[in-house]
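Residue numbers (the working numbering): 55 to 196.
FYI, nobody ran anything at the bench for these hints, they're computed from the structure. All values derive from a computational prediction rather than experimental measurement. Built from N, CA and C at the ideal position, the CB exists for glycine as well.
Restraint-style ranges between C-beta atoms, simulated for each label pair:
| hint | residue 1 | residue 2 | range |
| --- | --- | --- | --- |
| 1 | Gln-80 | Asn-58 | 31 to 37 Å |
| 2 | Tyr-61 | Asp-148 | 34 to 40 Å |
| 3 | Leu-171 | Pro-135 | 47 to 53 Å |
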Amino acid sequence: MKINLAYFISVLRKNFVSDCSRKLQQDHVTLGLLYPILYIGKHPDCSPKEVMQSLNMDWGFTQRTLDKLAADNLISREKNPKDRRCYRLNLTADGYRLFQKSHELINAWNEQKLAVLTPDEQLQLKNLLEKIVQVKGEEFYV
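Please build the complete structure, drawing on both the sequences and the hints.
Given below as structure tokens:
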């Protein structure tokens, strides 16, 4: 039996993007801005370079994204006292509110999609997906 994994991933991604984008629209945030917020929220005092590497972004896009988040008062950038050439990134109160809302959205979406599976099937799916992407450890989004 041949499985078209790309098809299932595409359908799930399209559904996730559509659902989250619609709910985040009132906050004027796109998914492209949301992922750095999630990363910074999970890694306070991180550097722009850490955001860039972890999210697999290029330097220019990272800087434009961080500029937009700072202009929208969602993150703060402070000089790193250990290295004045670098910045430490943190969420502002508005950024933290959006961070929490994002987790609620993602958790609700996950629960909705996984509700058709038993707890054993959910664990099996998680293990199989980890095996496919060969990543274990910290769950980035939730």
